[in-house]
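Starting from the two chains in their separate frames, assemble the complex, guided by the hints.
Sequence order for the protein chains is A and B.
Using my numbering, you'd call the opening residue of the first sequence number 1 and step up by one each time.
Using my numbering, you'd call the opening residue of the second sequence number 1001 and step up by one each time.
Be careful, since some hints might not be right.
What the hints assert, rightly or not - Only pairs whose alpha carbons sit at most 20 Å apart, straight line, appear in this in silico DMTMM-like list of lysine to aspartate or glutamate: (1) A:Lys219 - B:Glu1352; (2) A:Lys243 - B:Asp1532; (3) B:Lys1407 - B:Glu1352; (4) B:Lys1137 - B:Asp1280; (5) A:Lys223 - B:Glu1564; (6) B:Lys1137 - B:Asp1070; (7) B:Lys1076 - B:Glu1107; (8) B:Lys1438 - B:Glu1453; (9) B:Lys1270 - B:Asp1078.
If you're looking for bench data, these hints aren't it; they were derived computationally from the structure.
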Amino acid sequence: MKISGAVYLAIITLFLVAYYLVCAVYLNKLDYYNHESLFYIEKAKIVFEGLGNRLKTMGLTSPLIPFYATFLFTPVSYTLAPVLASAVGTAVLFYIIANNAAKRLQDNIYIMLLLVIFLFHPGIIYTAASGKSIYLILICFFLFFLNLFKFYRSNTTFHVSIASLSLVGLIFCDYKFVWLTLFFLPLILAITLHSLNLGEKESIFRLFQSFNSPSLRRKLVNKTFALYIIMFSLPLLAVLCYKLLNLTHASDLNYFAESPYATWNVLIDKLSFDHLSTNTQYQIPEISLLLSARVVLFAPMILVAIYLFRESTYHVLTILIPFAFIEFLHIKYDKVFLAYQYYLIFMILAFLAVVLKARTVKRQGLFKFLLLVLSLTQIYFGWYYLRNSSIAEERDFTRVLVDHAGEGVATDNIDIANYLNSLPSDTHILVDDAIAYPIVAFTKDIRPMIMPYQGNFLSALESPDKYVDYVIVANARNIQSGYTQLNDKYIVSIRKAISDLNFRKVYETDDWTVYRVITNASGSEFGRIGGR
Amino acid sequence: MSVSIPDLLVNDGFLTASERESIEAYAQESGLSFIKIALTSGYISRKNYDRSLLNAGFTINEHPREEAYDQDVLDKIDLPFAHERLFLPLRIENGRVVTLMTAPDDELVNDFIRFTYDMDAEIVLTSDLDITWLSNKLLGEEYVKASVFELVKRDPDSSAVVTFSTAQLIFIFVLIALVAIGLVLSFKNTSIIINVLISSFFLVAIIFKLFLALVGSRFELHQAVTREELRKVDDDGLPIYTILLPVYKEDKLIKKLIWNLQSLDYPRHKLDVKLLIEEDDDKTFNAVKNLDFPAIFEVIVVPFHMPKTKPKACNYGLQFARGKYLTIYDAEDIPDTDQLKKVVTLFNKLPEEYICIQSALNYFNRNENFLTRMFTLEYSYWFDYMLPGLDTLDIPIPLGGTSNHFKLQELVDLGAWDPFNVTEDADLGVRAYAKGHKIAIINSTTYEEANNEPINWIRQRSRWIKGNMQTYLVHMRDPANLIREIGWKGFLGFNFFIGATPITFLVYPLLLLIFICYVVFDLSSIRSLFPDWVLFMSIFNLMVGNILMIYINMIAVFKRRFYELILFAIANPIYWLMHSISAYKGLYQLIVKPFYWEKTNHGLSKVNSPTNLVK
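If we strip away everything but chain B, and leave its shape as in the complex, we get (with noise of 0.2 Å):
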């Protein structure tokens, strides 16, 4: 049967003549089948493509997995080539291929069928999803153990797949046994001496974010990007972008995504959105293949391959990247609507050395419970005064867990995230700086939804946690060394910043436990032990301590005119408690099971989410 796909879509009125006209143009251009472009970038659904193939007398295979495939056969496709065209050889039979297809008039397809094996395809039509998914999972693991392992392989220092080198092992069990000796050999001494490396670490961090979070707030009326200079953007002029969206076990969220990737001011044919889907989570997969309306991204199915994190399936989803630019996205984000643009505009006018943009993040469920209350306290603190103060300090920042906008060449170059470690946007912010490169901060906010749910806020802190931990750990293998790439001030920064933060987090339940047993049961004991200069530092440190990051939180929504949180900010130390119950899960886990990712559910909100236009 001869039919030619775009004009079966046309007599059925899924397509207009220009959109057809527009595909093809475009499929010319990039060397995209047609119907990739068409079912990948909001032009037909999928239901409704079956249903022109169906009325057009064409049988379509459900069940495609359960098809036989012959390894030779395989060996002789390209995955990239593969999913540009939406086809898979499977097997020969009869003196023919049984190739997989999703649309039978691809010529080029046959084309090269007939050119690799020397005989027809025997095309079996089947959805563009499954053959995704096929070509994935059987083609995929040369791709999969690069995403895995490319970096241990480049770079084995910047890899956190050895946790505890052994010279931190070294210092540790050192350490540990110099303090148990001291404690031995003179109780109150040694007492005095961690009291006080204690209370002055604290006070220098909580100094060191309180200068921060000033400089920061300094800066807020700066525009990195002006609407003046977005509205000089010339669409035509801009370049591919990439948009990774990695999932899993998203169903709930899909609908949602797709809202807010529709809502994006790009261009369409200039976006290349990868919705990066695991082999075993049937629920998103089906979820995408049920959708009754266009999707605008490509499914990319990432093969099973131990760890199982986001970082590697942003890997694997990376080699197949086609943009200039990439971005990451979480399902449930909301991205400014000129986000993209500005970037582009951004990257324009920075030097060569910044690889990197951050965008902030913040709520939009922020008024849900008390959770997404402080969630949001925290977040509007964070990536409105830490980053932009860190910027201006040129001390490396952690990036954000998604909104961070890489120039793609570099970020293969610097070997991309890394699959080991489960805060790789904060491990990649320090390795970018390490190597000579630089991140700014752009005006552009993409909202999110707050974890609003205690348990599963306590897994997804816990992960950050220990990647915090991880991040640390591996860039403190050479301290030395770190110094001699990112400076003193880099140095110092990384210290407070990363370092101190699981450290203040695991110390802070013990030194309020002291302080209340102190006030409450006036343990003369603790007077005793301690010298009256001791005791007031530390009296010192937990009130001014506590005071300062209790305001810092409290400007920080105050900028953002989010003026009916102010008052939760004074709930901050009951907050900490939360997450010093996360650093100890994440203590306990980085020991014995270092890679293991704690998945957080999102979709738990009942919060509408409108899209963020910026007019």
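Bound conformation, chain A alone (with noise of 0.2 Å):
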């Protein structure tokens, strides 16, 4: 009885998931939420049961991929959704990589490794329980490289063109990952010379000999620009069609990478970096060079894959790659914290390499062993680094599941979705969704919301006598209010711009203020359906 074999490996997955499920429904409970998996209740919510233009936010709400695999799960219940699709991915994660490993190795100790690492590293963990979608970055990842090594071996259109595919999701899961394509230039040169039936083994000298004749270097060249065209054309397609619906449907190229509506992640990250670098104890973001050595030490199993390909320059090349790429993406987004899934792809790139070579190692019982040595390190280091992450949700993730004490996302959204859950159905309600959106997910039903989303927003901005009985405005004190037009400046012009106008404060919390739109003169409500 061998455990690689596919029922094995499909049990272990359904024993995977639940494991998962428990850990997402306890985390649940404790009312750990993420911004990340709010947006996708919410904007699932909008999608389904929303009244008004639901195309845009269809279409463009991004990362997309993610975004449509919670709408499997919708079904079961939107709160629910994310979670269930990560802890689903996740172990779908788990029983690609260990199917890889059973066809290769037919040596259950890597299975059994990979299990570990899926049950106790909290980075696996935090990815299969967190509703975030690192799940399917770490799927597309893996299918990208596995394939691109695959390619490297039979030189099959195969195997590019799903590497392809892969990259396409990847960039899709998360944007940031079309900046990879760039350090791939290089990179194909160096395959196709490779690929080139040359005398000379050494590659500089083989390049000198393929531009030195006329046909070598036509053929060079031509396999290059193809190489590059079946590599990156689908993707850099893909975000071009992308982003020209954006550009046809709200205006903006780059809507769904810059809009609060379309993604979550722009406010988030600009306010943990605004709340961390204007803090007393300033924290020092990660510094360059740095940053490569804190991923060798996260997975220090990486230096295992960087020897195990040490013959092949174009396969070390290709590991390091990820290395350049979270070195720019840190240069590029200087003012956004390294997250979390750019130090898990290693962990994951380094399995690989061992999937890949690990038959080529003579002393199997050592390497096992450091094997066995570097995943506990990494286990530790995960913890280590998801406790003491410069990002809050990530710490939040240890301090709920260990001490039961977040930061608390939910609670005062909760609060106010409570309250506007127990308000008679034909009450019209005013929310922004750039920063309300967790409200918005926690309530039952939405289509009492008037939201960006719909045509009737900016009149009811204006004239919220005539459409809504509710306001909700965020708070001086919501470190968000910035970024929204229902704040306390808008109660106060608006109070101005309709002198018969006034609003009630009928419900508050620390961030929110729920509003009833009343009149001066009687200090009763409008007569909202009356007065349209």
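So, in structure tokens, the structure goes:
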């Protein structure tokens, strides 16, 4: 009886799904939520229950693939859909890696090792139980590199096209991965050079030889260019089309990446950095070269990967590309801390290298022992990094999980949502979901809400008396209040603009206030229906 | 005058002694006349043979078609025998049988005449080609009728002689009526339903094609027959291989054709090559007659009978085929030189149920112009990815027009080609599956001439699309039965592959027009007509569908290492518009003249076509 049989793997995968679900539901009970999953919940509600122009929400919500992945589970529950998706998705990731390991290595120890990582690595548990899109990033990343390495070996179009499709997936799971293409440009030249049928073995001389022969030069240029096209045309065209769709439907090419209505992390990244850098205890952001060192500490198995591929320059270069990529991200997005998934990709890549090359190691016993030690180290540093992350959500995860006390992303929002749920169904509420999406995520019925995706939002903003009964306003204490029109200033300005209009505070939390729209003269509410 | 033709030819230096021995040995073995082998197996040119005869004092009748004939005399002759011995008794005159002959020394024929008519032959020497023309014309009626009606008689449900069955007509008109009623009652909802159905269909069809391409590309390194296996092939053990070459007005290509056939790596005596010329095709006939070097094919003249289609010609030629295996090449085809040996090896490896092997097709003139580049992209994706994909998933394979290799007996049992179907190859592929047979794909390529002229291209494509429609209609006469025969997987594959192709091309320009109006003119009425999710689905399909199809084309030429063509894949949406024009033409013809064969002109390419020698 071999554990590497497909059935056994499927059973382990199912067990992992159950394990992750227990973790997810446990966290859910402790009111652990993060912005990303709340964002998906809210947008899914708009897509399935909203009234008005849902096309934009449907097509331009980003990241697209993780958002659609939650749709599979919305019939179960809107609130649980993201975590269900991530729990199942992480187990699928395990299955994909384990299946490859089983096929190549036929040694249960490696699968056991993988299982240990998937059971105990805090980063993997975070991936599975948080409802974030990390699981899809890891799946696409793994498939991309797996097929790339397979292509190096077999030179078949199949693998390069699957790699390209995986890259599309990766980009639509996290747009930042589009920069990964940049570092493949020189690498592909190296790959093409390697594939030319030349007597010379040394890369630099091969290059010299091919550039000095017209036919070889033509062949090299054609093949390199073709490989670029096969590899990158699909992702780049997909991005181009997506941007054009953004332009036609939102009049902004980068709407999906820059609008708080389209993606969750624009404001969150900005705020978390502002918050930390203006804090009394100033926290030094990651320093460029130290970042790679941090990665090596986080996933020391990557050194083994480099060692295993030491005989092939472009294999090593391929492994080094993610290092260049994160260093680049750090320069490009200098005000954003590097999220946990950018560390996790190295762990996945390292294991992939082990899967591909472990057979070539002679001293298997020692090698497996080394891998075990490295896995345990990775688990420790995984925990350490998560616990001390510069990103609040990541820190929160460990605090809720272990100390049962996070910073409470959700409590305020749940309170407001509960209040709104208690209102009669025919009331209309003005909400700006640029920052209030967590509230909308917890409401039972979003139909009474008037939000920016609807055509009458601007009219309701200017004449709330004619359109709504309640307005949800961000308090001055709410750190995001500067990013919405519905803040304290709005109440003051609208009072000035419409003299007969007033607002009565009916419910308040630290971050939010619910106002009821009333008249100055009578103190009573406007006859919304009559006034319209 | 008593003379031995072999002696004459050897004395004149047109044959060597060893060639003579070789011919005589093969004549003994096959029953063919000496002169037939000499003239059709590349030993001597017709002009040289005529020269020898004239030098020896013989007179050659240049106009045998004007000779009178007596039907009673003809009735005693069997057409295959006349073919084998190159003779034709015409009438009885002055107590002798006036007999057209190519070689006056054929004792077997003289004995036959004496035995059958009880009198001697009055020999009229004439060209073998003229005898072939006359014998087929005068004796071929029974054969040509069989080639047209055999399938209708044997298996009427598989024949496209009836284009639309009654049930299909009822279905089509009921559907049109329902849509019309729906549009009148609720224009909006009906439009939404139609849009959603079309969008879903498009998306599924494209994803299915992507899936097939990926499945196919996965096996791109798979060698159905390896070089090692090929090296082990023993020439003596090879069976007779029939090659049918249906041509019509291909006079310019005859020389190329001979060159390509001569390059085939297969024992000369084991090739049974038949050039099928239509009765009225004087151009090709004269081109063959005027050849000044030896030909390596036998000419068969197909008597006039409607429909004048390639499958009818092939069915006619099939009746005279002698091989164990059979293949079809077009006049301009350049097969890999080792293709026949590879096929024989693969047939020996495959289980009995495999009755056909399809080779990949590609183009030698790919860089000639835009059209040939696009055609190459399309063929690369079709034959390198789609068909292997279908093969892997065990879905019926629509055969390509040429280079499909059959087991001859099984092909005959299957009813051969449907002469009423203008894509008889695709139809035969599905029919073979429906009858429980299998088709395999082989790692060997035949290079053809890509159509380089737009009008000619549209003519060819309209025939293909019309044929796809015919094939779809024939096999969908009884969908339940089709499911029973080829299973659900095959049924869905057939619908999305054969059925979807014409529909996609018919609908594509309409959808594109709507999209352009929507984007360019910002037609708000479209937004008010369709709910957001329908619009989303349509836009998603358009974007994803186009990109994926372009990408599939790119990866196909990447595999072939035609790197310079990769960027042309982007022009596919324009190329598809040409498909759409052809689809509408095909649809029109399906209704008004379903059996009309749109002739594709070959030989337009100015590109030199080297032999594809496989080392």
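Consistency of the hints with the structure:
A C-alpha spacing of about 44 Å is found between lysine 219 of chain A and glutamate 1352 of chain B, which places the hinted pair above 20 Å, so the restraint is violated. The suggested pairing of lysine 243 of chain A with aspartate 1532 of chain B holds, with an alpha-carbon distance near 19 Å, which does not exceed 20 Å. Our distance criterion of 20 Å between C-alpha atoms is met by lysine 1407 of chain B and glutamate 1352 of chain B, whose separation comes to about 10 Å. A threshold of 20 Å between alpha carbons decides the hint, and for lysine 1137 of chain B with aspartate 1280 of chain B the separation of about 10 Å falls inside it, so the pair holds.
The suggested pairing of lysine 223 of chain A with glutamate 1564 of chain B holds, with an alpha-carbon distance near 9 Å, which does not exceed 20 Å. Distance check on the hinted pair: lysine 1137 of chain B and aspartate 1070 of chain B sit about 14 Å apart at the alpha-carbon level, within 20 Å; holds. Proximity of lysine 1076 of chain B to glutamate 1107 of chain B is assessed by CA-CA distance (about 18 Å); at most 20 Å being required, the pair is judged to hold. Straight-line distance between C-alpha atoms of lysine 1438 of chain B and glutamate 1453 of chain B comes to about 36 Å, which puts the hinted pair past the 20 Å bound.
Between the alpha carbons of lysine 1270 of chain B and aspartate 1078 of chain B the distance comes to roughly 24 Å, so the proposed pair goes past 20 Å and is violated.
The structure fails to meet hints 1, 8 and 9 from the earlier list, while all remaining hints are met.
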